[in-house]
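Asker: These are the residues of each chain, in order.
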Amino acid sequence: MLAFRNVTKTYADGTRALAGITLQVAPGEILALVGGSGCGKTTLLRLAAGLDTASGGAIHLDGEALDRPHPGVGLVFQEPRLLPWLTVAQNVGFGLAELPACERRARVAHALDRVGLAEHADRWPRDLSGGQQQRAAIARAFVARPKVLLLDEPFSALDAVTRQDLHGHLLGLWAETRPTIVLVTHDVGEAAVLADRAVVLRPKPGRIHGIFAIATPRPEDPDANAPDTRRLRTALGASLREDAQGGTPYGSGGASALPSARSR
Amino acid sequence: MVRGDRTLRALLALLLPLGLAIGWELAVRAGLAQGRLLPPPSRVLAMLGGLAASGELWVHVQATLVRVASGFVLGAGLGIALGALTGTLPLARHLLDPAFQALRAVPSLAWVPLFILWLGILETPKVVLIAVGVFFPVYVGVSGAIASVDRKLVEVGRIFRLSRTALARRILLPAVLPATVVALRTGLGLGFLFVVAAELMGASEGLGYLLVDGQQFGKPEQILAAILAFALLGKAADTVLVVLTRPLLRWQDVARDSL
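Chains as they are written, first to last, in our numbering: chain Y, 748 to 1011; chain S, 5 to 263.
It should be emphasised that the hints constitute simulated quantities derived from the structure, not laboratory data. One thing to keep in mind: the hints can contain errors.
Claimed, not checked - Pairs of lysine-lysine residues, derived as DSSO-like cross-links and limited to a Cα-Cα distance of at most 30 Å, are as follows: (1) LYS156/S <-> LYS951/Y; (2) LYS239/S <-> LYS223/S; (3) LYS239/S <-> LYS894/Y.
Unchecked claim - From chain Y, some residues computed to sit far from chain S (all C-beta separations above 10 Å): (4) THR757; (5) GLY810; (6) GLU826; (7) ARG854; (8) GLY878; (9) ALA962.
Just so you know, these numbers come straight off a predicted model, no measurement behind them. Virtual Cβ for every residue (Gly too), placed ideally from N, Cα, C.
Can you make the complete structure from the sequences, with help from the hints?
Answerer: What follows is the structure in structure tokens.
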């Protein structure tokens, strides 16, 4: 269980990025954090990854505090961040240095196969397209078999077709080991397609506006999620308007209970 | 690039120097010019060939190379070590960098009288002068490269919980290699610059000695032969450095073929 308890973050310059985020994410759940710019989505993810320290509150994974990078937590950044001096396969195996070489090779080969990059294993990152690089980055995070995988708008720089393709790769990898996934996105359609629940955040400082269970089964066809997408878009719009008017307290929106597993 | 294209470019690049050399050679042979102070290429090449045949050239080349190599190893070694220190540790940077930057502003040749007073006139002051010349570009290059390593790549290392040494070995080192190679090449070029200065200030062998000797005895063809040898030696040393470091930089997305 990944648990955020009253997490706040105030930067050195006094900017309040997050105010009192309390949230629980069940094992194997895919949770989307949705919100406009400046609502602290990325900040919350960086805190959970242990890259930054919370000003108040705590984040725990199965009772263990996450105040520094943790072996059970993986992170996929907004941009691929592949190391340019390593081949694609070496990049994917970057976090497996401690494994015996044969197991490392097997895991990397399997992951590359899963994301459709098997034939690019020995190429340099610069030779890949943006979508292929991001697939390699996702594979790099998955091969370490984390309990929790944090994704920071990993598809935002990609075109719609590539993005849909990557959704498929992500769900394919997730189905193998079923890690908890926290996905930051500003695309409500993406949240509706991928997530079990979506948390809509409200900006300045970042707070929870509402938590929504995604009702429809995870679809083959992304358009089938249209009702959920509409509901989330309305909530996101409201969160931004309310911010402009001074905001209303959290608790007014949606189902905040842990989800029953979404039918796959 | 097409192969024929490259050959054409090489020919174009040679057109001006070759044209001038051939023109001068013809002018002297036709009696249009004396060629006493500026000897024609044939005399320069004959001098170089003569020095090589007698074995004298190799004595001088060896002396010069040993000085450059010693100064380069000393200067580049210190430059890398101190550059890495100030690049990684803020305390070391605040403590050392301002002093180094101030020393860097001193023209290196200004140290010559002091070095001679302190170290005599034999090999030591020459090697130290070359080392000083090599040190600064290497120090500045390495320190700057480390300080500007992409924070985003360092975060990748942090996410995978690399120790400090693993972070240095797996992220910082490969990230600063390209800039370090450039700094070493600059340093090597300056090493050759300063070996001339060092040998001009008094030496009994070395290509710089051939320059002084040619001036004192009025042998401009010997001066030009020594200059030619310097050019070939400098280019050869740079090529060796590039070839040795190429396997480390294969990943770079640049047109290194044109080097």
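Asker: Evaluate each hint against the coordinates.
Answerer: Tested hints:
1. LYS156/S <-> LYS951/Y: holds, 25 Å
2. LYS239/S <-> LYS223/S: Status holds; Cα separation ~25 Å.
3. LYS239/S <-> LYS894/Y: violated, 56 Å
4. THR757: holds, 21 Å
5. GLY810: holds, 20 Å
6. GLU826: Check fails; 7 Å does not lie beyond 10 Å.
7. ARG854: With a cut-off of 10 Å, ARG854/Y remains clear of chain S, as the shortest Cβ separation is near 14 Å.
8. GLY878: It holds; GLY878/Y is separated from chain S by about 19 Å at its closest Cβ, greater than 10 Å.
9. ALA962: The assertion about ALA962/Y holds, with a minimum of 34 Å to chain S.
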